[in-house]
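Chemist: So the chains spell out like this:
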Amino acid sequence: MTIMRIIIPRFVMLFFVVFGVAVITFIISHLIPGDPARMIAGDRASAETLMSVRRDLGLDRPVWDQFTIYVSNLLHGDLGTSLRTRRSVAGDIATFLPATMELGAISLILAIVIGIPLGVASAIYKDGPIDQVARTISVCGISMPVFWFALVLVLLFYAKLHILPGSGRIDMGIALPTRVTGFFLIDSLLEGRMDAFWSSVRHLILPSFVLAFANLGVITRQIRASMLDVLQEDYIRTARASGLRRRVIIFNHALRNALIPSITLLGLALGDLLYGAVLTETVFAWPGMGTYVVTSIQTLDFPAIMGFTVVASIGYVLINLIVDIAYMFADPQIREIG
Amino acid sequence: MTTAPLLSVEDLTVNFPIPGGWFGGATSHVHAVNKVDLTIRPGESLGIVGESGCGKSTLVQAIIGLVERSSGKVLIDGQDFHDARGKRKREIRQQMQIVFQDPQSSLDPRLPVWRLITEPLHVRGGMSKAELRARAAELAASVGLRPEHLDRRPHEFSGGQRQRIAVARAISTDPDLLILDEPTSALDVSVQAQIINLLLKLQRELGLAYLMISHDVSLVRHFCDRVAVMYLGQIVEAGPAVQVLDSPAHPYTRTLLATVPSLKHPLPELAATRVGELPNNRILPTGCYYRDRCSFAAAGCDRPQSLVEFGDRTGTVAMSPSDKAAWPRSVRCHRAQAGDI
Amino acid sequence: AWAASDVLVLSRAEDAPTADPGVEISNSGYTFIYAAYEHLVAYKGATTDVVPELAESWSVDDTNTVWTFKLAKGHKFDDGTDVDAAAVKFSFDRAMKLKAGPSDAFPVLKEVQVVDPGTVKFILSSQFAPFLSTMAVSGAAIINPKVMEHEKDGDMAKAWLAEHTAGSGAYKITSWERNQSVVLDRNEHYSGPTPALKQIVVRTVGEISARRLQLVNGDADIIEQVPVDQAAALKGDSNIVVESNPSLYVNYIYMNNKRPPLDDVRVRQAISYAVDYKGIVDGIMQGQAEQMRGAVPDGMWGHDPNGFQYSYDAEKAKALLKEAGKSDIHLTYTFSQADTAWEPVGLALQANLADIGIKLDLQAVADTTKREMAASGNYDLAPGAWTPDFADPYMFMNYWFDPERMGGPGNRAFYNNPKVAGLVREAASIIDQPKREQLYLEAQKLSTQDAPYLYLMQKNDIFARRAVVKGYVYNPMLIQVYNFATMSKSE
Amino acid sequence: MMSVASSATQAVPAASGWKSRLHFLWYLSRRSPLTLVGAAIIVMVIIMIVAAPLIAPYNPDKLMLSARLQPPSAQHWFGTDEVGRDLFSRIIYGSRASCVAAFMIVLISVGVGVVIGCMSAILGGRIDTAIMRLMDVIMALPALVLAMALAAALGPSLVNSMLAVALVRIPAYVRLARGQTLSLRERVFVKAARTFGASPLYILRWHVLPNALSPIIVQATLDLGGIVLIAAALSFIGLGAQPPTSEWGALVSTGRNYILDQWWYCTFPGLAILITAMGCNLLGDGIRDMLDPRLGGR
Amino acid sequence: MDVASGTLKPAGQKPAALTIEGLSLEFPTYAGAIKALDDVTIEIGTSEIVGLVGESGCGKSVTTMAATRLLPEGRYRVTAGSIRLFGRDPFAMGETELQDVRGKLVSTIFQEPMNALNPTIRIGKQLVGVIQRHEAVSEAEAERTARGILKDMLIGEPERIMKAYPFELSGGMRQRVLIAMAFSCNPGLIIADEPTTALDVTVQAVILRLILDRAKRTGTSVVFISHNIAVVSQLCDRLYVMYAGRIVESGPTRAVLEAPQHPYTQALLRCLPERVEPKAELEAIPGTVPNLLDPPQGCFYRPRCPEANDQCLAKPPSVATAPGHLVACWRRGAIQPSSIMSEATL
Ligand SMILES: Nc1ncnc2c1ncn2[C@@H]1O[C@H](COP(=O)(O)OP(=O)(O)OP(=O)(O)O)[C@@H](O)[C@H]1O
Ligand SMILES: Nc1ncnc2c1ncn2[C@@H]1O[C@H](COP(=O)(O)OP(=O)(O)OP(=O)(O)O)[C@@H](O)[C@H]1O
Ligand SMILES: [Mg+2]
Ligand SMILES: [Mg+2]
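In the order they appear, the protein sequences are chains A, B, C, D and E.
The working numbering puts the first residue of the first sequence at 1, with every later residue one more than the last.
The working numbering puts the first residue of the second sequence at 339, with every later residue one more than the last.
The working numbering puts the first residue of the third sequence at 680, with every later residue one more than the last.
The working numbering puts the first residue of the fourth sequence at 1171, with every later residue one more than the last.
The working numbering puts the first residue of the fifth sequence at 1469, with every later residue one more than the last.
Next comes chain A alone, as it looks inside the complex:
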């Protein structure tokens, strides 16, 4: 009941946001100098050829028609055809999304697994050496130019030390695992191919570390701040006065409450992950959405950009929905009375 109260407006919101995004991207795409027809037909195309391509793309129709067609296609899940790859944008996204999700998931897990304990320790030992170290790490993470950090790591671990691969998802000589989920780690295990599995793991190390590092900073900082907030709450004082064990106070009483405001932040961090992923993928030649969208932007492949933007914003709203629900479950006050 209360869940529905949160979910239903969110779904209305989802449509609203997607429609808004569609309008905005459509407008931008029409402001851009650059003729999609010329991109497809080639620079030297004759006027005739251009016309025919334009007709093909529906670009000869009035703008309003183009928009209604675009929106109606969108509702059918058709995001149009990429000018650059000449494939359906939906198909492209389906191809590249798993790579990004695999990278994103691993780095998010890394960031959380390291960031939360670090933040907690930092808050508990506020102003102590652990805190200084944790704050330094977190501020470095937040301030690190992702692309540069990626380059430095590639230089160090791939070019100089030769201990980790610097690009792609899997070694050259190893056949790709059969696509089931698109996650190499899972697919290779499903096939029982350990060579592919370990190769994928090795390829994941550097990019996921780079990506995790930035989020680690954000998470550590947030957890530290909300832990500090929570630790000076009256109920912690009550718990201490009742003689509860330090461990119990920190983990059962404080952390739980500190995580609640952090959930929202995690939602935002997921959004940022996308941004970081774009840059990380570019440097590591990771065949994911990031590489796809950067190339698309550089070539002004507008159907691709629009498709990506729409999908990303749907993802954003969905993540926020999940965050809201998680928030609701974490905070009894919201859960019980809505």
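Rather than coming from a laboratory, the hints here were simulated on the basis of the structure.
Just so you know, nobody snuck in bad clues.
The list that follows gives simulated cross-link-like pairs (lysine-lysine, BS3-like), each with its CA atoms no further than 30 Å apart:
id : chain 1 : residue 1 : chain 2 : residue 2
1  : D       : K1361     : B       : K427
2  : C       : K1001     : D       : K1232
3  : D       : K1361     : B       : K373
4  : D       : K1232     : C       : K995
5  : D       : K1361     : B       : K425
6  : C       : K995      : C       : K1005
7  : E       : K1619     : E       : K1572
8  : C       : K825      : C       : K800
9  : C       : K995      : C       : K957
10 : B       : K467      : B       : K427
11 : E       : K1747     : B       : K539
12 : C       : K749      : C       : K789
13 : E       : K1631     : E       : K1593
14 : C       : K997      : D       : K1232
15 : C       : K1124     : C       : K997
16 : B       : K602      : B       : K539
17 : C       : K1114     : C       : K749
18 : D       : K1232     : C       : K1038
19 : C       : K957      : D       : K1232
20 : E       : K1593     : E       : K1684
21 : C       : K749      : C       : K776
22 : C       : K957      : C       : K997
23 : B       : K539      : D       : K1361
24 : C       : K789      : C       : K755
25 : E       : K1572     : A       : K126
26 : B       : K602      : E       : K1747
27 : D       : K1361     : B       : K467
28 : D       : K1361     : B       : K411
29 : C       : K914      : A       : K160
30 : B       : K602      : E       : K1684
Simulated coverage check for chain A against chain C, where a stretch passes if three residues somewhere in it have a Cβ under 8 Å from a Cβ of chain C:
id : region
31 : 36–47
32 : 81–94
33 : 158–165
34 : 279–287
35 : 290–296
For glycine and all other residues, C-beta sits at the position ideal for the given N, C-alpha and C.
Since the structure of chain A is already known, use the hints to place chains B, C, D and E with the ligands on it.
Modeler: Structure of chains B, C, D and E with the ligands alone, referenced to chain A:
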């Protein structure tokens, strides 16, 4: 007593909608203030006591216009600013001023004292900065602040001094009525004494009328001429402060006074404190509001009770507003009227 | 991780858009098209001459508008069916119907007729000198008509052919993982000798540094798009051969002939004199280029080895400007990052032009935007890169100088000299090569004087391979295209 | 972990003059040395921006094709680039494009965001809802992508990228300002002003804006660090400053082509970005801590 | 009776619940050290209810928090004195030992019931957590104990309350839960730090009664902190009056209130409106409390004291004026103990 009332509140009701519907609609209401009538004559102090959540603050905020009233009238000098507009509205409105409970939060931390004190005048407009400052200096002196304080900011003051600033601000427009919402409950007793003395002095000098809310019965007894006891948004008993507080008539007033900590009597036994929690003000009870908690409840208590003059044995005729000023003591309990308590 | 000796790994910066001969217009796609399809004719070795491939012989009628090809026997598509006249007709009909970029190579093709399974006839609407040469372009690849089984929504199997092949070439695509790798395996039905390389893997690796490390570590056998600085660094490694071959790829700069002050020939000449060509070639290109001499590059017939070449002469440039009476000139150089040389070239130009009192602003835009601006004449100076689609000076002369082709199609300087236009049009309408060459030389002489473009340099095609890769033959018409069938890897 | 006595009856001594400020600085350096480091970095960067011509040993745009890609040396502290420009000078001058851009972005998004946010809160009702929904849409747009798309649409230039980033940052400030306004509206001193008959505009001007500003400024300082990164990232993918203008992200971007043989090319500009962003973050954190009465400072 | 030391402790009994001797404590800040406590000596006997009164910021909370070492570690300095909790020094205890003592031997009830319970954990679980922490009982057993003690707190439906989250309860109800929690392990000493200031008078009376009755029944000692003298007078056997970090007067409640010896105590009582005629001027104490960063020399009350003279420039010692009634004032003899309470009904 023939003076026309300075403030007269008639039939004032305040309901707060509780948003609960899917799309923000209200499903029910909080009945914070229920048909309150009261009058204050010039230079008089009226105290309002009652337990937490009974609607005291809402009542005064409705009077001063901070919350929307659902029905009823508030006349100051016979005029209701609710119906006025623009400058006129401001003028009527500024005949009363309010001093809040927490002096810290009622002063904008970023403004210097002289600006704080003259804010009502600044809002009203028409005075130059120098004039405002000069007026601020006068006002500051009258509440016992030193001139060098004028350029400081509120955080540089103690709680008592801040409350002085708030009082200075409240009297800056020469109002006739000051509303005091627990003006000293955030302060220590020694500071409370200073503020109370100041308020009494100002009343003597400026002929101010006060409407004061307080938890502290002895303070009300000391400070106010008359007192009204509120329960669940209603006035259940009213009359001269000393009379009401020394010999309460309404069962609720009795319980309330019994539980007030005092140097004079020991801690009451649990039986006497059997007051429970304030009942739900979302669904108003029928009949006497206090019936469920009342140890004197009997037949007849399920009928709505009205506020009638104490000692008026007929007990059926409600008082007209104009009568009330003349009638010193009234109570909303048929058993008290009947002398059963 | 060394690849097996019969597998060749090629590493390049970006994934090819498609492998559909009817659609693809980029060299990265040609790599697959030339590996998987055959054409009626092919370039011979390292030259731009054509020799029979699917066609065993051909003839042309007196009007020069009807070409008849006799098909050789024994060529089979990768499903085992024979390559016949119907397939040829299907392939060209498809290209013309798709009317995408490649169809522009056949501007006068009216009809293709099947005479008998071994004979096919091309009917042209008018005489077109480079016709035979166009039969060797990527878009003229012969496709198995059976692909129509994969047709969807009347797309002429476009979607399917984008990532699959259906030709009679030595290889066929067996897997395509977007932005990762394309795998080519041998076509069992290939008519030629069995290639030594069993499998070709084409990897996408965006960073040049990463590609280079792959090559050095033996993870890749060939890496493409090697900038000159990297090439220089790789030269020291004995396991690696840097292939640097003179190409027909030219870098030049469009000067907008319509816009003042560039509409004044003296201003254009002054600019042409102001540029430190040698500095650019040696400094920016590390010597891996040569200054252009006229429009037709060295290596293509029609090139004039004695033609006029502007050289760095600031004094002369200043004098010309003075003569033109122009001062306080303010120009913009609109470029994109599509070619890594464009920015440093712009910087060099900025410095050079400043010397003669012309202020040059650099404006970096997306490549698509740059193209659009060039096509619509909305620029002052803009760099361009040009490679010929087929081996004929027509690709330069008629595209660059014919006022009919102003804008996108080729004449991006909006150059209009009726005399030059007449010469190039005449050259295109006859097929007598010596005569045509004559006309083109004449046209070059005139146009170079007009300085419509700033002729910068003809770049070397640079890629690097491991020394174990043998048998590669460079053809300037086939950049990024490899003769995989006759290459091998050996220690 | 106990709250300092809340109802402060005790007058807090007025912070008087430089002496207490010095005292505070000393206290800060012990309690929070990182904040001081942050402040020092920002001061350095500001000096760099203002005094670039005095610091930089060379003209940052001067080509020297003969001295391409020189390693760091006494003449060229950070080496030279692919057309022989001095990298140290380019980094010094690069601070202008990079940091001024970031600063402008923050300024624009704060300015616009605060105006819209306060208006939205004050107007309320449908207008408020409409504005907030629009902000939701902008929030849902992937920030970098929108920035890139806009930059691409308007042509890649520093100004356009700046506008784009500013646009995507606006909703954050709208929300912050709106939240502040709404919560300030409930504060007793605002209620007090209402009892004087003050108009919404009066309240906005005298109570809401001055009080809402300090959390917003803290947020902006923290944001500045992030925006230095975003601006650099935009340049990195080729949507930033126009050549020959030097900009850190663009330097890293070009430098990465040379990373194997000329490590210095992308190392130093990257460090510059890192350190500057770090300065902003440390300082922002510090200011926030200082404004947080719980943490001791005042 | 040991008159000299001023305590009422009969010789040879088991150790007092809490003894604080000459405790001085300060908080270093950037502006200097806040001298929160100066030479505070307090003794709480077994089964004794003792009040601690004084104005805001005078050090009441700090005194008791120091006794249980609940002050933020590293933010304060004990500069002198000693503390004995049931004969043991909390500052000599290890972390775990201290945790064993808190909640078991001594529990604390804090002022703000609104936030003193963890908002995300059900009431029952919080209670059971405390009980199981100190008693080796099964969960079911602990729940039974919790229910029982909630019932003792006059909570009608303990079952329902145990399943509730704090936000579902009113302030009075929460405070009762907190008291239940404090009593749940039968501690020897309860520190009640203004447990009712945030509550309504009617609720306050109930809460005070509950504490009082339960403590009397179980023989628990209580330290009751308040700035409301009336409340303390109703509740406590003995009281300590604090001013600016010092104990200025202490003794049996009646004795102190009927015949206050210290000018500060006297002034404090005179401030109350209870004893004067309506509308009459209240006797306010002039001036403000001293700045603890830089307290005045000698007696801290000197700047506000009408009786002060040069003698007061030295710190006054605590001297017993009657058995168990100690006053720290040089001028105690010179001032007439104004008998405040004599007018009243006491
Ligand atoms: N804005 C509001 N919306 C909904 N309910 C409200 C609002 N303001 C007050 N109430 C409710 O109205 C009732 C009366 O509140 P009010 O603040 O007037 O009580 P009070 O007598 O002043 O209490 P206290 O002594 O604690 O200040 C309470 O039940 C309160 O919850
Ligand atoms: N953590 C701390 N850091 C610095 N000063 C502190 C700290 N805790 C308390 N103090 C100071 O110690 C003094 C005594 O504080 P304490 O809380 O004991 O007063 P209190 O008598 O309990 O007042 P209240 O009635 O307001 O609770 C105050 O001046 C306060 O400012
Ligand atoms: Mg109230
Ligand atoms: Mg306290």
